[in-house]
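Following the hints, complete the assembly by docking chain B onto the known chain A.
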Amino acid sequence: MKKSLLLSFIFVFALVVQVLAQNRTVTGKVTDQETGQGLPGVTVLVKGTSSGTATSVDGGFTISVPSNDAVLVFRYVGYDNKEVAVGTQSTISVQLGQSSKALSEVVIVGYSESQQQKITSSVAEVGSERIESVALPDVNQIIQGRAPGVLSTVGSGQPGAGANIRIRGTGSISAGRAPLYVIDGVIIESGDYTRNNPTADLLSTLNPNDIESVNILKDATATALYGARAANGVVVINTKRGKAGKTTYTVRSQYGQTVRNNTNDFRLLTSEELTAYDRRVLANSGYGEATQDFYRPLSNSEVNTDWIDAAFQTGTTQNHEVSASGGNDKTRFFFSAGYFNQEGILIGSEFSRYSTRLNLDNNPSDKFSFGVNLNVSYTDMLSASPGNQFNSPLLGSYTMLPWDRIRDPETGELFVGDTYESFTQDNFVRSSMLNPTTAATLRGIGNIRGRYEILPGLSYKLVLGVDYTGIKEEDYTDPTTPDGFDSQGRVTNIFGDNITLTAQNVINYSKIFNDVHGFDALVGYEVQNFNREAFDVSGTGFASGKLRNIGTAAKAESIGGTATEYTFLSYLGQINYNYDRKYYLIANARRDGSSRFGANNRWANFGSVGVSWVASNESFLQDNSVLTNLRIRTSYGSTGNAEIGNFPARGLYSFAGAYGGNPASSPSQIESPDLRWEKNISTNVGVDFGLFNRVDASVDLYLRKSEDLLLAVPISSTSGFTTINRNIGEVQNKGIEFTVSTQNLVGEFNWTTDFNISANRSKVSKLNEGADIPNGTQIIREGEPIRSFYLREWAGADPATGAPRWKDGKGGYTSSYSAAPRTIVGNAEPDFYGGLTNTFRYKGLELSAFFYFVQGGQVYNQTRSLLESDGTRFGMNQSAAVLDHWMEPGDISSRPKPSLASTSSTSASTRWLEDGSYVRLRNVVLAYNLPSHLISKAKLSSVRVYAQGQNLLTFTDYSGFDPELAEDGTEWFRYPNGKSLTFGVDFGF
Amino acid sequence: MRKYIYYTVLTAALGFSAVSCNDMLEVEPQLSLSDKVALSSVNDVRVAVNGIYDGYQSIDYYGRSFIVIPEVASDNARITPTNSNRYLNFRDFTYTVANGDIAGFWNTAYAIIARSNNIINNMENVTDGTEAERNDLLGQALASRALAYFDLVRIFSQPYQNGGGSQLGVPIVLVTEIGTPARNTVGEVYTRVIEDLEDAKELMQTNDNAPERFSRAGAAALLSRVYLYKGDYQKSIDAANDASLAGFTLVSGDNYVKSFESYGSSEAIFQLKFEADENRGSDNLGNIFLPTGYGDIRPTFDLAATYAEGDKRAGWIKEGQRGTVTDIFAYKYPGQDGVPGLGSPIILRLSEVILNRAESYARLGGAANEALAIEDLNKIRTRAGLEPVGTELSGQPLIDAILLERRRELAFEGHRFFDIFRTGNDLVRVGQDCPGNSNCTIEYGDNLIAFPIPEREIKANPSIADQQNPGYN
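Sequence lines, in order, name chains A and B.
For what it's worth, the numbering used here labels the leading residue of the first sequence as 5, then goes sequentially.
For what it's worth, the numbering used here labels the leading residue of the second sequence as 28, then goes sequentially.
Worth flagging that the hints you see were computed from the coordinates, not collected in a lab.
One should not assume that every hint holds.
Unchecked claim - Simulated pairs of lysine-lysine, DSS-like, Cα-Cα distance not exceeding 30 Å:
no.: 1; chain 1: A; residue 1: K814; chain 2: A; residue 2: K847
no.: 2; chain 1: A; residue 1: K770; chain 2: B; residue 2: K486
no.: 3; chain 1: A; residue 1: K814; chain 2: A; residue 2: K767
no.: 4; chain 1: A; residue 1: K586; chain 2: A; residue 2: K738
no.: 5; chain 1: B; residue 1: K486; chain 2: A; residue 2: K814
no.: 6; chain 1: A; residue 1: K559; chain 2: B; residue 2: K300
Claimed, not checked - Here are some chain B residues the structure puts well away from chain A; computed CB gaps all over 12 Å:
no.: 7; residue: V76
no.: 8; residue: A332
no.: 9; residue: I426
no.: 10; residue: R434
Beta carbons are placed, not taken as given, at the ideal position from N, Cα and C, and that holds for glycine.
Same shape as in the complex, but just chain B:
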């Protein structure tokens, strides 16, 4: 390269016209590729799909915020009175249109959608590699786009049931362009998500990529959740019964707590893999919980009390000391590969799929379905070292039992806020679990359940300007 430059400069200097002037001005960057050539082969696409997962790792998404916010804005986590001021607005439900965490999530989710769109729309131009390879990559991009839209609609809209899908969702964008799209309805977003996941499930034939990437099982597992949120219970069950999920097994009760310390447990279906060199120091996911980190977000006493004596899962809540204070702390992300607080968050795992199915059976009702629901529930309970529930459980008590098990099983994994409100419940926090004394109770249907569309987007996108969620200005 350098030789060429000397040559061109010299020849140009001496007035030879061997090199056309405009050619000399065509200088290519060396750390980036033009977007026109960055996706021209199967290998390029594989690297670009990695870029999607790299996006999910953002601290504004599954790297931290999207795990922490649904816990803090629920009855699972509390923030101590002296704190680092992180996520406080979500505990108190005092976030505004200017909230940086919300804007960060919005921007990151749409950046991931753009990365996925570029791959999905460009796939027809890629001709090398095998068809299976190409389909697998396309499937990953579709599933990734679906997850981002599902998460957007979960955060920025009222639950599906509260409006039956006709309420405002988020703009659906399928082509990367500088546009000003208006918000679609929640129903339209769900339809898009389901279509993408169904396509992805068919395109991806194996689970070879699991759990660090989306696989067929990943698409199926996510589908079971999406249908459950939507209230399409039979389809949720069908998705959970997809053959691809058969290869995963529940971690044993004794290994349960330990299984979060490393990447790749036997029940992890999609897990965002963090490497030791992705150490963010105090901003590692676990350090917001651990007494050796910020340590100001701790499990509520209410949550701790739900674990019965002998529950093998309860070990992730432990007493610890920070400064002069002794308290209970969350050790779900205690560190990985010797790096304190580093964690590979599990986004989809078998326990959730089983609980999705259990809830769907229970909600469909009828003796046969309820028996299957109890069977699933007991898989989770017996693994935890608890007594199985009796077959007499039925109707709402059965649903409540499943939801309580779900709370215990998936605590601090970013589910609770959504699970409370999608099921039509109120959020109630009392005593030491709500020390700020503001907005301790949020009733189902409250405007605050749908987060505000970021101010930045409202200003930059005229189509959305009068579509802000009610209650914000």
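Chain A extracted, bound-state conformation:
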């Protein structure tokens, strides 16, 4: 199937290039008559022909016209159509006005349909042209660096891995820190629902190419309508919808490869080097030549296995999909079907997605409209085992001895590994193929929505939604691999069902009084119920690796189950008012009840107020050609974080235990009836301005106070418990965000630049009685950033003796690890981060380069403590860096004299702390849109061929493979992100 699809593309393509005609190109921009903002997704058609295009996120378009007589038709949902004669113009600016009949064709998304929302609040938008065709499975990964104030990190290169999205800093210590996700107006489940797979993201079930736009709501005015669930920000995803007009079809096909990134040429020792190094370690430990010959014979260097090479592979990526969009005045539709497959750069890791979508809108009368959104997708993930497992290709490749062979040189068979000298005693090349860990996810998101206009300006809307996620995980251990010896093979299956039901009722009223008083209000009511049920079974005793079904297991090993539930009940309201489109006021309120909150605090109230002044609509600025847009806005309000677990307030007896084969119960949680949501108070001040109609910029300053944070407060164990959860802590985040888009060159050669930069500073402002919370290598301490590293300071080898040294805190050094004090030495949060995109267009040619940068933010590279172990990890391979170490008195070295004796030199200290700054060519696209005269005779409206690179260049001082880390800033045998190059072709007809 895949092959024949590709063949037909090539065939069509061959036809196309033979067609010739005389066309020329017109560029332009479509803006909103009221706001002056660019309108994305406007259909631009050459009247009387079938050729056309759609505007980009800033409203820009490029279209090829057959002659000067051509007339362009601009169509946009909710706006009046407009026709413009081209004449001799090469650039055309068009303003579209909102249709008075807009309601009948308006796309119903979100609680609020008001355009004003965006005028008064801080919302970052990423449009479809930034999302389409990026060779990554997950929109969370794609939006990295595209929006200010949004820090997205992908801590694993596993295809389908979860991304950490933090909007305006980290606002919680023990509750959830991820934003709320809303798709087509309905809150959906997000995060990682797998249990046996090291990482997964539910959002990877969504085909990014189906997305029209991603709006990231940041300040209180934008988020307050989501109340108790909005404290970490809200990501609103709108999927593509059909537009009235000719049905357009898009066929996309993309293929590429991913390889390992190795900016700083990290490598391990060869057999010869390791033998020599280990002999020195033995000598330093007082062992003579005989012992050295016994443990590390010089003959070791006859074999030199590159285990890293064995663990990593060139992964392929492919994506194929078809979509159609169209409709008429009454009915509009968008449908798509896609297949995405990506092999990871580590052996035994892969991700596939099969996705379908149907979005349908119908308005039988002027008063009544309804719509359906339906997404059904299936993903299949094969996970590389995490680095802390013995059979992991990660741990193995870094530590296995180079003189162990992968294959038997006589027979060519893979070794099992149990006879290896390497401490893992396992050949991951063989085991990772035989021991798959998989997760198969079926996701169905469906909702129907109806809207009725009761009176002019007054409408009622009902939305009913279902979000289903079914996950089947399988973890198989083959009886012929070392991990399976004892059990004769084991399979564990986990089955889980997750269902969220949502119902929304919203009444909206909108009217302009006396031409100057714009008024828009809504009240709504929402119920959401989530239910999870899962069970797991495992069995042991398999005849061979040929059959893996649990039905062939000789012995049942264990069964388990879990179930949980929550309900939210919410009332919401919003009032928008503007005077003459100059002064805007917005007020939001939401009241949330949740089954998660304690009995004494079942209901929570949230609200926000925002005002803005559109100065450029004042008469004194109206025709100013320099300052073409100026808007000042400010907001204040509260939201909550309800991600505190489903039953955190209850006094509970757990029935998970057993004694003597009989069920057992015991108190598992102490009652805390006052327990409630965490609170977020945020203040935002922002300015948006435009210059010469060529520069669009925004600056936002914010202060985000997170209060009532849940902390586990120690209590006397004589209660039977050691801690109780209380709402005590406080964290502050403050920051600045700047974004600018410029049209540097307009015309035949077009050059635009988009730049954004954000800086966030966090501070823990209150803990339980000021008590520090130790957090591994980090500490949570009042007055300090939330991700502060708290370590002893490494001072290298003592030049006289080669012994390890640490700073003693009094200006001197000590060779006693315990005598060295721990201090705060930095933190994992970046000082600032952002993205720079330059796009060049010349005729049909387009080049876009997107750099992502992170400055500051330290990385604790714990992996190095095994790979530069000063002799204490005798039996593991070492990093090539260890060749530089203390040799004789007087040497200045960061690495002490290596010996077998344990010296704490590899224990936690600043020795493993590195600068995590990097600049990365995150995405580069070179595309060519074939001129329409070439393709119109083949009945094609557009053909785009492109090459795309992901992470092609990285500049960093970080010593590991990949500086991009999860929020905790700790590297521990982590699956690195790779770099990829893909080629694709999109056909429109």
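Positioned in the frame of chain A, the structure of chain B alone reads:
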């Protein structure tokens, strides 16, 4: 359930007020029960009593630590120079207020006390089942609470004799609450323990539950030990003579070593039953001793030398090989149900009760009592295939003979540390048995004999803040 949800969501959506809003927010967990309803019937209580035993199985308690620590901190066990770093501080007596094993034991013991308290205090609300059933369950909860308090006071206080009960014990808590109780005296704790056990003994009329649960015999057997520790010798004898103990018989000498490989020997009075699916792998109790496990805690040569030629019990110490090293290893928990290292630790068994009684008779003194003491001692000796001691043995030599027999009989069952110090002796280790060369000798009365109250508790409980045991900070 699911149907109901669809219904409520739909009706709520359409604005019907059939379902009150707050009702919808009353969602109950499905793996746990509210503590208000978890103990409402006899069956609920039975399941909750299982929860107590489940607590005893913790690795911080009888699942491992409470068996291992009293051996390692004595002259019975040594730790090899290369080791897994487990329990090393107890060999060297270098534990601090931050010691994780000590904190783990403190927390687990009080969790068990809370589980017991909930049952004991709630029993009056349970009305179903027969009175005998209810009494039996209440008795088990009382006996369990007594054992936890007795173990706490044994670990965190000086022996009863060293202060006569007026020294600091542990806080007595009889109701589950977030409190800040101060330490009671050792005497008060003993009084509580004895009262609970006497009550439990009367409430439990049978031994039907033995040995996996506390029974009447279990309460009596524990009482005989508690009275012995307290120096109440006649009461110790009385408890040991309780009729309920008559149903237990000593394992034959030939079956002695084997009897530890399975659950339920004829002399087991209270034995914590581990099932095959409670396999903890390398953390199984036996694996800390076995050469196939960590194997770094081994019998001292001193202990091995106490077994005379022909002593049938000596078979639990065997030569084994770990890596390239050949040494003697402890095989008291060699595995069970085919799972290596799995073991069901015996907490109370008849041999101990007989030795408790023998010691009590000997300490009471007088010819008649000493004759009974010798009779008991010889029961243990002849079972082991040893010559009976002669009737001429008397006074301190008799007591010493009984204590030596006790050491041999109960080695690696978690008694030795307590037996050395409750009898006013010093701990003396020499040569290869104390390779670390630190704190090889601990004299009776040393501050280190009472373990430190965990730092966590000191910080969380202001009433206890200035009641730390002397010698720790």
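Status of each hint after checking the structure:
A hinted pair counts as satisfied when its Cα atoms are at most 30 Å apart, and A/K814 with A/K847 does not qualify at roughly 67 Å. Annotation: proposed proximity of A/K770 to B/K486 holds, straight-line Cα distance about 19 Å (limit 30 Å). Proximity of A/K814 to A/K767 is assessed by CA-CA distance (about 27 Å); at most 30 Å being required, the pair is judged to hold. Taking the CA atoms of A/K586 and A/K738, the gap is about 29 Å. The hint holds against a cut of 30 Å.
Distance hint between B/K486 and A/K814 is fulfilled; the C-alpha atoms sit about 29 Å from each other, no more than 30 Å. Restraint check for A/K559 and B/K300: satisfied, since their Cα atoms lie roughly 22 Å apart, inside the 30 Å limit. Here B/V76 does not stay apart from chain A, with its beta-carbon only about 8 Å from theirs, under the 12 Å limit. Against chain A, the non-interface label of B/A332 holds: every CB pair exceeds 12 Å, the least being about 33 Å.
Here B/I426 stays apart from chain A, with its beta-carbon at least about 37 Å from theirs, past the 12 Å limit. Annotated as non-interface, B/R434 keeps its C-beta farther than 12 Å from every C-beta of chain A; the closest such distance is 31 Å.
Consistency with the previously given hints fails for numbers 1, 7, ordered from lowest to highest.
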